[in-house]
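J.: Work out the full structure, taking the sequences as your base and the hints as a guide.
Protein chains in written order, with our numbering: chain R, 1 to 609; chain Y, 1 to 716; chain Z, 1 to 93.
Honestly, I wouldn't trust all of these hints.
[Said to hold, decoys possible] Below, in silico cross-link-like pairs of lysine to any residue (SDA-like), each with a Cα-Cα straight-line distance of 25 Å or less:
{"hint": "1", "chain 1": "R", "residue 1": "K374", "chain 2": "Y", "residue 2": "H576"}
{"hint": "2", "chain 1": "Y", "residue 1": "K610", "chain 2": "R", "residue 2": "G202"}
{"hint": "3", "chain 1": "Y", "residue 1": "K607", "chain 2": "Y", "residue 2": "N197"}
{"hint": "4", "chain 1": "Z", "residue 1": "K37", "chain 2": "Z", "residue 2": "F86"}
{"hint": "5", "chain 1": "R", "residue 1": "K320", "chain 2": "R", "residue 2": "M128"}
{"hint": "6", "chain 1": "R", "residue 1": "K521", "chain 2": "Z", "residue 2": "F86"}
{"hint": "7", "chain 1": "R", "residue 1": "K353", "chain 2": "Z", "residue 2": "R11"}
{"hint": "8", "chain 1": "R", "residue 1": "K377", "chain 2": "Y", "residue 2": "N197"}
{"hint": "9", "chain 1": "Y", "residue 1": "K610", "chain 2": "R", "residue 2": "V162"}
{"hint": "10", "chain 1": "R", "residue 1": "K204", "chain 2": "R", "residue 2": "R305"}
{"hint": "11", "chain 1": "R", "residue 1": "K353", "chain 2": "Z", "residue 2": "S14"}
{"hint": "12", "chain 1": "Y", "residue 1": "K160", "chain 2": "Y", "residue 2": "A206"}
{"hint": "13", "chain 1": "R", "residue 1": "K377", "chain 2": "Y", "residue 2": "H196"}
{"hint": "14", "chain 1": "Y", "residue 1": "K654", "chain 2": "Y", "residue 2": "F665"}
{"hint": "15", "chain 1": "R", "residue 1": "K374", "chain 2": "Y", "residue 2": "K683"}
{"hint": "16", "chain 1": "R", "residue 1": "K377", "chain 2": "Y", "residue 2": "D67"}
{"hint": "17", "chain 1": "Y", "residue 1": "K683", "chain 2": "Y", "residue 2": "A505"}
{"hint": "18", "chain 1": "Y", "residue 1": "K662", "chain 2": "R", "residue 2": "G202"}
{"hint": "19", "chain 1": "R", "residue 1": "K353", "chain 2": "R", "residue 2": "T298"}
{"hint": "20", "chain 1": "R", "residue 1": "K377", "chain 2": "Y", "residue 2": "A505"}
{"hint": "21", "chain 1": "R", "residue 1": "K255", "chain 2": "Z", "residue 2": "P59"}
If you are wondering where the hints come from, they were derived from the structure by calculation, not from laboratory data.
All figures in this text were calculated on a predicted structure; none of them were measured in a lab.
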Amino acid sequence: MDPITFEIIRHRLYRVVEEAVITLKHVSGSAITNEGHDLMVSLYRADGSLLMGGVGFLHHLTSAAEACKHIIRTFAGNIQEGDVFLLNDPYTAALHTSDIYLVHPIHHKKKLVAWSACFVHVYDIGAMNPGGFSPESRDIYTEGFSSPGIKLVEKGAVRKDVMALLLNMVRSPEMVALDISSMIACGNVARERMLALIDKYGFKTVDQACRSLIDQSETLLRARLKELPDGRWEARQFLDVQGEVYRVTLAMTKKKDTLTFDFTGSSPQSPYGVNCSYWAGWGALFAPIFPLLCYDITWNEGMIRPITMIAPEGTIVNAKRPAPVSIATVGAIQSVNNVACTCIAKMLSASEKYKDEATAVWHGSHVAIFLFGKNQKGGESIGIMTETFGGAGGARAFADGIDLGGEIPNPISRMANVETVEANFPIRYLFRRRTQDSGGAGRFRGGAGGEYAIVPHDAPDGGIHFVVSGKGIQYPMSEGLGGGYPASPCSYQWVHNNEADRARNVDAKFAQSVDEMPGRKEPISWGVFPLMGEDSLFVRWNGGGGYGDPLVRDPAAVLADVQARVVSREIADRIYGVVLNGEASAVDEPATRAQRKALRAARFAKAAE
Amino acid sequence: MTKRSPPRTETTAKRRGARYVVATDVGGTCTDTIVFAVGEPVHIGKSLSTPPNFADGVFDSIKSAADAMGVSVGQLLADTALFVHGSTVVDNTLLTRDGAKTGLLLTEGFEDTLHVTRGAYGRWGGLTEDRIKHPVKTDRPAPLVDLDCVRGIPERVDYKGAVLRPLDEEAVARAIAALVERGCRALAVSFLWSFHNAEHEERVAAIAKRVAPDLYVSVSSAIAPVPGEYERTSTAVINAYAGRIARDYVNRLTELLAERGYNGTTLIMQGYGGLLPAAEAADRSVGMIECGPAAGVIGSRYLGDLMGDRDVIAADMGGTTFKVGVIQAGELEYAREPMVDRFHYIAPKIDVVSIGAGGGSIVALDPRTKVPRVGPRSAGARPGPICYGQGGTEPTLTDVLALIGYMDPEIFLGGTMRLDIEAARKAFAARIARPMGMKPDEAAFGIYRIAAAQITDLIREITVERGLDPRDFTLHAFGGTCGLLCGLFGEELAVKRVVVPYTAAVNCAFGLVAADVVHEYSVTTTLPVPSPAQAIEAIYAPLVARAHAQFKAEDIGRERIRFDRAIDLRYRRQVHEVTTPLRADVKLTDRAVARLVEDFEALYQRKFGKGSAYREAGMEMTMFRLSARALMTRPQLEKRRSAGASPKAAHMGKRRVFVAAKDGFSPADIYDFERLESGNVVKGPAVIHTPITTIVVQAGQIGRIDGYRNTIIEFN
Amino acid sequence: MTRPLSATLDRRESAGTRSICCTACGHALAAAGHPWKPAATVRERPMAGIAGAPYSTGPRVQLREFFCPGCAALLDTETALPGDPFLTDIVRA
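T.: Have a look at this one:
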């Protein structure tokens, strides 16, 4: 087709998605949608295949395609103009129940020509625990409202019975209603703009452009794969929950212009909701593929064609109903992201042309905390601690990872200001900062993760409760690359009676680190806990993985890290072999040479033991 | 926010016969001057900007205007009552990283606030979608404060403003001494919740004055008294970093003006579109950021008012950037998350969206697919487009415009530059058309269409994001490149009409004289809805008193002062806040408060869509804004009588140019703008050459010259 | 002919044989297309505390380091439990 019209339509299809995203954020008005950018809007072809993926949580692009396809199969003959379908069953297509898909068919002159799909993480879905993540659930039945496909809007009119059914099963039904409204409005805008495009250029031309766009993505990805060497790369993750450990193992094979991801050998599914269903695993695979391999290719069905996934049923990456999956998005999905990132990065490293695209793992584990309870104004507050979106960048072949640099599967997340949180929840921060020595060591250092501690403040009930669904505590999850160290793991400490003994310990109220907190520390990671009275909660999240041998890191960079408090002197000395002068204002070069020599020698000595 | 009343009396200088207002705007490339006096024609001066010694360019530009008037600079300045000025000095300091070595004091425990930029926010902020999709190649901009120049200070204030931990003054003194020792010449101070209780920050400023009197100090509660510690800190840092340069610049300029015989008031443009007396502006460097584009929007609003258009999209496309501002019902919106050079900050600033697209945007093929793209790379001013013959080798949008017949190689820029269209054609054929398998003409038409379509998409997105419909707007086209494209994208956007203003060449300077002296005040505190009128009055009373005191210090009479109040409201548990004008006279009544709430709900629905309101959660007021303005005299634009519809006298002949409706070359009428008269009507397809730009009227469109010599493009 | 295989390894061709070599010193570890880790010097240590206080991992987790037998360059790392097989990466063409 003519490249001019093609380029104009391509640009405009992208704007259709953008406009729909704006609508979603505007109408929803929730913090998780607007601050965390925990959302997705994409366009699909008439057969449900992905046409144009937007920037949002990238796991969803392909899963929502499956949602469209499922609706096409199950509602055949009953898909009318103006209908909207709701689907959130993870065993049908979704990731977990609280990420609700609304799927809008788009008709032109009575003919089904396209779909749009969107999701937001709704305020609540009626699971055992509030907020969506339900650590106490041991099966899908207790993870809240779950629909394998239901008509929510019929020919433009909301089905009140269906809406009432949904809202009857959730906490804060008004807020969930608003989330649903935002998605309906979003789909309406996508439909309106898509039809305007078809009206201007004609259905045939637009259809042809869409087909070309998909073919183009396929051609481009296959061409890129051909430029990369054939091979087979392996990666492994340990996912620890409540002291139990699960493996996610991946062998990625690249042959000519195809990629196969084989998860054979991964652990059987867990009784905890960290599992993911097939479509969630599939989506989790693509979340890193899009930005790492296809950063300059339109994200659509064409990229899916060269890719195969093998995921044995009944494993943690392809759980069987009724296994619980409500934590999937910060559970197995993230492990799939991580192993895929590592294998792709290894493959990129083996190419002269693409080696600078390689990256160690970013933000290997989320630190999901949901607060809920009465706030200082007497109202109810429910919400996620957005530090989990702070993330940490993996080190790259040409530069350090970015401290609190976010994550790969959600390119435009951010965290809230301390003042925003303190204004809305009855808590006070003791500190929030980068964690020293948290980024994986390497020639290029992994980005630092962060840590914070909170205490109740002006809480009418004496405190607040929180849901924690943590993993990555016993095992590092941000792997290093090419000799880089993995980043530090996450940590959650319930510090009891931290502030009780104020007379003897005035500064305890303003402790600057977990070590300075005098209270009794109880490691926690899973379930619902109180944050009451004089207690405090300490949370630390992982850094990004390192890249290359730490002993060849530029000593000046190590000095800068020490001065910036990202790396301790001890680690500078012991891991990087860089010795600084007394006041840490300069590198002691002879001592550094000697130390590096000694550390190299020790590498052999240790091995000989 | 303001209903504009007719211009009133002169400002402070009530002196002997001085009658001119001189406005000089320093832009990225040119420094423009506009001179006017009541009852006289407007005079214009233009010269090149002279970074980093911007003052040189200012006097060049004033001289250019004085020359046009046939007087000396000294005579002109002696006869001037008011000098209004906008400058890129702060933007330039940030761009070139030329500011002072800056130290930063933060609340202990939160030392990383600036550097971790709320997580990835500072990594992707200000990037285009293409780059966001490629995270491995993204980074934060290098920070303005080195991490080893940050110190945590023991102190803590809570969300109510209560002191939980007293300020450790000795630690402050030690930290300042250490930072000075490290070579810091400026200091930013930003403590948690300081906008509720500024005591600790003010103490630090006092201590700094004592222990390091030479240090330039900027405290967050003074410069940005609003919630959100990351943005507030970043603002204080920018203000400290560029502060000394901005202050020295303003002081030096004032001195130079005095040396050349000027003895009136000097006012400096702010990013929020208001003017401040030079002495006040000198210590608010952050206020000067992007004041040029703000002035442009103010100029556009003034012109819109004059022409009866209260809804205007102001689009400015020059060589490198495309800027869009939106005026709705005569009001301007503030940017919610302003950025400068990829740094977030928070200060009242007119919302002007700026992207890298202009005549210099490079046209290139994706080597893999042979699909053409316009930008994002730019040939900039140097080497610039191929046809400028300054060494450019890659085809740009300007080259494409030349290839499709829109530019006359002989009379470009009033004949000051000859275009080498053949060179452009050769390169375009080799690099673009041939690989695409298209004829050069066809490929050029196509790229012109792509550029117009992408501008359409961009303007649409900007308006829709603000809950507006472009069909309700008039489009003002500024800049050297806009006139060549606006007929096509204006029609596709279906705006009411397109205006290419007569003052387009000096629009920012024009905006300077259309602005008022404005002081912006705000208080961040939460009031529930409903709240009694007295509660709101109690918040405003001290602000109003401050404003009166300020104006008094500036020698501005009460009769010219107006107050505009606006309150930010939101639905509880939702994040969107909407600044809602408080429509009330001096005395606030409960009825007016009720109307405020109704207005908020209507605005919310308009902006965020039907069904977006969540009333059940209740509403609250979160910020109280006072805009205190002293009205200034406006330029009197002379309105000419119609000379009849026929443009014959200006007809230069016919030329084959690209005509969109025919999708090919077709003969078009060519006109000389200088000879077009008010009332002339030009039928498309036509090309109008002005000394500074070219206006293309597409087939089926009408170009009219109005009484102010604006060119108005209307569609059928 | 030298071509990268990873951040720390090259494939080098000389006299018709292709080998996997340490980028830093050129030491040959294995024939191209074969696993190289068995030829590396391996050190396996508990992960806990390995690179600073935040490494508060469980007691069984190990950090595996693969060194060049020629120059002691760190070629690769793995997080592993005792007895886990090496992760094997094979680059073909």
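J.: Next step is simple, just say for each hint if it's right about the structure.
T.: Here is how each hint holds up against the structure:
no.: 1; hint: K374/R to H576/Y; result: holds, 22 Å
no.: 2; hint: K610/Y to G202/R; result: violated, 30 Å
no.: 3; hint: K607/Y to N197/Y; result: violated, 33 Å
no.: 4; hint: K37/Z to F86/Z; result: holds, 8 Å
no.: 5; hint: K320/R to M128/R; result: holds, 20 Å
no.: 6; hint: K521/R to F86/Z; result: violated, 36 Å
no.: 7; hint: K353/R to R11/Z; result: holds, 15 Å
no.: 8; hint: K377/R to N197/Y; result: holds, 20 Å
no.: 9; hint: K610/Y to V162/R; result: holds, 21 Å
no.: 10; hint: K204/R to R305/R; result: holds, 24 Å
no.: 11; hint: K353/R to S14/Z; result: holds, 22 Å
no.: 12; hint: K160/Y to A206/Y; result: holds, 24 Å
no.: 13; hint: K377/R to H196/Y; result: holds, 17 Å
no.: 14; hint: K654/Y to F665/Y; result: holds, 12 Å
no.: 15; hint: K374/R to K683/Y; result: violated, 68 Å
no.: 16; hint: K377/R to D67/Y; result: violated, 66 Å
no.: 17; hint: K683/Y to A505/Y; result: holds, 24 Å
no.: 18; hint: K662/Y to G202/R; result: holds, 18 Å
no.: 19; hint: K353/R to T298/R; result: holds, 21 Å
no.: 20; hint: K377/R to A505/Y; result: violated, 54 Å
no.: 21; hint: K255/R to P59/Z; result: violated, 39 Å
In this structure, the hints that do not hold are numbers 2, 3, 6, 15, 16, 20 and 21, in rising order.
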